[in-house]
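**Q** Each residue of the sequence shown is one higher than the last, beginning at 146 in my numbering.
Simulated from the structure, these hints should not be mistaken for laboratory data.
In this text, all values refer to a predicted model and were calculated from it rather than measured experimentally.
The C-beta atom is built at its ideal place from N, Cα and C for all residues, glycine as well.
Some hints here could point you the wrong way.
[To be verified] Cβ-Cβ distance ranges computed for the label pairs, FRET-style:
1. Asp687 <-> Leu853: 30 to 36 Å
2. Glu633 <-> Phe189: 17 to 23 Å
3. Phe189 <-> Val634: 51 to 57 Å
4. Ser836 <-> Lys878: 36 to 42 Å
[As the list claims (entries may be wrong)] Subject to a maximum C-alpha distance of 30 Å in a straight line, what follows is the list of computed DSSO-like cross-link-like pairs (lysine-lysine):
5. Lys847 <-> Lys878
6. Lys257 <-> Lys188
7. Lys861 <-> Lys171
8. Lys878 <-> Lys709
9. Lys896 <-> Lys752
10. Lys257 <-> Lys679
11. Lys442 <-> Lys679
12. Lys835 <-> Lys847
13. Lys188 <-> Lys847
14. Lys442 <-> Lys725
15. Lys188 <-> Lys861
16. Lys709 <-> Lys736
17. Lys171 <-> Lys257
18. Lys839 <-> Lys864
19. Lys830 <-> Lys736
20. Lys752 <-> Lys839
21. Lys725 <-> Lys752
22. Lys736 <-> Lys725
23. Lys171 <-> Lys864
24. Lys679 <-> Lys636
25. Lys636 <-> Lys709
26. Lys864 <-> Lys878
27. Lys864 <-> Lys679
28. Lys896 <-> Lys736
29. Lys878 <-> Lys442
30. Lys679 <-> Lys752
31. Lys835 <-> Lys896
32. Lys709 <-> Lys830
33. Lys835 <-> Lys861
34. Lys188 <-> Lys171
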Amino acid sequence: MSNSLLLRLFTSEYFNAWIAISYIFKYPDNVGIQHYLCSQLRKFPVGEIEFFLPQLMHLLMTRPTESAALESYLIDACERSTHMAIMSLWYLQAYLSDLSTHPTSPSFQLCKRILNRCQAILFAAENQLEETQKVHEHALPTLVGMGALLAGIGLPAATKPIGNLAIAQGRTFEWTNEEVDEKPVFLPRRQFTATLEDLHRGKAFARLKQKIHPKVTVVPHDADAPPQLLKEMETTMKAMAQSSVPTNQQDLSRPTSPISQTFDDDRLLLRSSYFCSEMQFLLALVDIATRLVIVPKPARLSALHAELTLLNHNLPAEICLPLWCPATDSRPFHHRVVRISPTDAVVLNSAERAPYLLMIEVLDDELSLDPLDHCKECESLDLFSPTHSTSTTSSLSSAPTLQSVFDAEEFAEKMKTAAILLAQLNQPHPEREAIRQKIIAEMMALEEDRLAKMTMGITNKSTTTALDHPIVIDREDPSAAVFSEDWEVKKERIRASSPYGHLPNWRLISVIVKHGADLRQEQLAAQLIREMQKIWQDTNVDVWVKYIRVLVTSDDSGLIETVKNSMSIHSIKKEAYTRKWNEEGSAFTLKDYYLRRWGPEESESYKNAQDAFLKSLAGYSIACYLMQIKDRHNGNLLIDDQGHIIHIDFGFILSNSPGSVGFEMAPFKLPQEYIDLLGGLHGSKFAQYKSLMKAAFLAVRKHCDNILLLTEMMSKDSKLPCFQYHGVLAQLKERFQLQLTDSQVEVFVDKLIMSSCCNVFTRLYDAFQYYSQGIL
146 MSNSLLLRLF TSEYFNAWIA ISYIFKYPDN VGIQHYLCSQ LRKFPVGEIE FFLPQLMHLL
206 MTRPTESAAL ESYLIDACER STHMAIMSLW YLQAYLSDLS THPTSPSFQL CKRILNRCQA
266 ILFAAENQLE ETQKVHEHAL PTLVGMGALL AGIGLPAATK PIGNLAIAQG RTFEWTNEEV
326 DEKPVFLPRR QFTATLEDLH RGKAFARLKQ KIHPKVTVVP HDADAPPQLL KEMETTMKAM
386 AQSSVPTNQQ DLSRPTSPIS QTFDDDRLLL RSSYFCSEMQ FLLALVDIAT RLVIVPKPAR
446 LSALHAELTL LNHNLPAEIC LPLWCPATDS RPFHHRVVRI SPTDAVVLNS AERAPYLLMI
506 EVLDDELSLD PLDHCKECES LDLFSPTHST STTSSLSSAP TLQSVFDAEE FAEKMKTAAI
566 LLAQLNQPHP EREAIRQKII AEMMALEEDR LAKMTMGITN KSTTTALDHP IVIDREDPSA
626 AVFSEDWEVK KERIRASSPY GHLPNWRLIS VIVKHGADLR QEQLAAQLIR EMQKIWQDTN
686 VDVWVKYIRV LVTSDDSGLI ETVKNSMSIH SIKKEAYTRK WNEEGSAFTL KDYYLRRWGP
746 EESESYKNAQ DAFLKSLAGY SIACYLMQIK DRHNGNLLID DQGHIIHIDF GFILSNSPGS
806 VGFEMAPFKL PQEYIDLLGG LHGSKFAQYK SLMKAAFLAV RKHCDNILLL TEMMSKDSKL
866 PCFQYHGVLA QLKERFQLQL TDSQVEVFVD KLIMSSCCNV FTRLYDAFQY YSQGIL
């Protein structure tokens, strides 16, 4: 495309973030175009650009160029947005791990340099960005490209962004020439893992540095410890159980920032403390998943409850969950994590790892990194009612302090004793396991007592309110009971038992914590599905898919949003067979489930659920075909409370398949029970399904450039399994069938449907999953 046409496009009313990012990708070596487009990106809200952060970061890491534009933009975005900053840091750490095998490569050096710059912004390090702008002798590249183009065609106003181009280029060369090797690269597990001592004392996520406490002497672990050690542990545990929680509490109000020389110093201190706490909190969650792996499966649930009880002692804290937090650069009021419900957490089924589900309580609009707002918080609120929001200040101002209710210091000492004892009981041993269970039970009792007294103090009642009443967990399928409970019922149950539930800005978030898995591919799949969803919404195609948030925290850990009010088809069928809902000798099908849950076929509720299934099946059928989503067994397929089918777990997309077995040869999963639920091949509902499939395919085909761009930007030198085979992008583009007319596309979609109907390979894969994994 000629320069004049490019300029017309960039200055047209149709110019948007998609166009800017696509041309940043297409012209990586054109310094002028890069700087012009990155200057335009600054005009879009940072939250809008967050969607593209995985692609922008991958582009920057895998295509080092002379241009400093993208690097400069990302650094600037990190300064503007705390969410962008913390997520960028996590991405950079992941890429540093990817690139560590080639430490002399330009990509590794670039990653290390930007990581240091990002680290300086986040943690107010001594090597933070200089405010003065300097231009060094390497400014020549800044005089080429878009600057000359704009100046040459008589648009003086358009040359304004070029003024900062030379500065950015010069600054980057200044950074490059720094002795980056002498600067420590950010190592979170060394610097920001919460220590056992801090967790005991409830100081793990304190915003400002606390005084150093004496270290706890821990008995060295010995798998063959003498019985005397076990006896001492049991004696200590009994003594701990006999003592009660005292009624005096130390002053636990939030520490205020020391007097700073300037307002900017205060702001840097607040931001730095926030980021440190954020890192500690997320690492603490991931570390729990790491430790659960070595715990025998029958003991994992109680171990998780004990771990979270200790972690909960460090909350409330000035931390948020970025993808779930509504704060923006223009409205920087974050939610605050105040509590995790220990007894509502559950370890999920997994062959090798120990992912677990959390219920996290937050207060919206509670946290500001503005020093003036922070001062207002500190003046008006105590520990159990921290807030910025004016909507909650009045309701909290009347809450009594808890100094006469609960002694946190002595509680911490008891928790510390219990945790130290637990640390000695990691290896399986009959005598140890009995003591372990007693210690865990005592920890849970202490937590319940603590919450009861907190609740009594806040509600000013003479008796404690009811604590959490968790539902009964099936240890063979722990997630089934958790997911089967209605979300609103669960939320109100947890709200009623929480010391913070009475606050109007209280909110409950449910996430799954994973360790040992690179979630960047999961995130890419979620992006592609989100973009398809947006295309269908914008074109008024009435199909349905669910966007699931994925937060990447390293190259092997992260958080995934749970799908509320849903159960896997496997869990549905297992419950049906356990309760003998099926006729003897017959299989329990999805239609049986819909009839049982939503009533007879003639009822309005059944028809609504059937329509929800139809629309979601059409959307996911297109997504599965285009993205080549595999591993579609019934453990990865959910049914929600409206009847939608929802796909989860995207470890196999585009090119890779489970074990390279190749069972799943059908374009998408369309077994007989789906067809029966739609009323059979010749029914009106199946005809509607086919019609929606055609409309959905035509719509997404017209906007396939967005799907292709997101995928292509992630493909170069990618470590993701889905890009390990050649021709992935060409095959993806081919599946859109761009050479066909609309009428030919409709015929093509008919063929896709018929080749998927009751496909023998689908049946083979379901059988394989049943006999190998027991998945129904």
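**Q** Hint by hint, say whether it matches the structure.
**A** Consistency of the hints with the structure:
1. Asp687 <-> Leu853: 30 to 36 Å: The hint (30 to 36 Å, Cβ to Cβ) is violated, given that Asp687 and Leu853 are roughly 25 Å apart.
2. Glu633 <-> Phe189: 17 to 23 Å: For Glu633 and Phe189 the Cβ distance comes to about 36 Å; the hint is violated.
3. Phe189 <-> Val634: 51 to 57 Å: violated (40 Å)
4. Ser836 <-> Lys878: 36 to 42 Å: Given about 25 Å between the Cβ atoms, the range is violated.
5. Lys847 <-> Lys878: holds (12 Å)
6. Lys257 <-> Lys188: holds (28 Å)
7. Lys861 <-> Lys171: holds (13 Å)
8. Lys878 <-> Lys709: Violated, at about 34 Å.
9. Lys896 <-> Lys752: holds (27 Å)
10. Lys257 <-> Lys679: Given that 30 Å is the threshold and the Cα spacing comes to 36 Å, the pair is violated.
11. Lys442 <-> Lys679: violated (41 Å)
12. Lys835 <-> Lys847: holds (19 Å)
13. Lys188 <-> Lys847: Distance of about 27 Å is within 30 Å: holds.
14. Lys442 <-> Lys725: holds (27 Å)
15. Lys188 <-> Lys861: holds (28 Å)
16. Lys709 <-> Lys736: Holds, because 22 Å separates the two Cα atoms, which is no more than 30 Å.
17. Lys171 <-> Lys257: holds (25 Å)
18. Lys839 <-> Lys864: Between Lys839 and Lys864 the Cα gap is close to 34 Å, so the pair fails against 30 Å, i.e. violated.
19. Lys830 <-> Lys736: It holds: about 14 Å lies between the C-alpha atoms, which stays within 30 Å.
20. Lys752 <-> Lys839: holds (22 Å)
21. Lys725 <-> Lys752: holds (25 Å)
22. Lys736 <-> Lys725: holds (16 Å)
23. Lys171 <-> Lys864: Within the cut-off at roughly 21 Å; holds.
24. Lys679 <-> Lys636: holds (29 Å)
25. Lys636 <-> Lys709: holds (11 Å)
26. Lys864 <-> Lys878: holds (21 Å)
27. Lys864 <-> Lys679: holds (28 Å)
28. Lys896 <-> Lys736: Roughly 25 Å separates the two Cα atoms, so the pair holds.
29. Lys878 <-> Lys442: violated (44 Å)
30. Lys679 <-> Lys752: holds (26 Å)
31. Lys835 <-> Lys896: Roughly 11 Å separates the two Cα atoms, so the pair holds.
32. Lys709 <-> Lys830: holds (27 Å)
33. Lys835 <-> Lys861: violated (36 Å)
34. Lys188 <-> Lys171: With a Cα-Cα distance of about 20 Å, the restraint between Lys188 and Lys171 holds, given a limit of 30 Å.
Hints 1, 2, 3, 4, 8, 10, 11, 18, 29, 33 from the list above are not met by this structure, while the remaining hints are.
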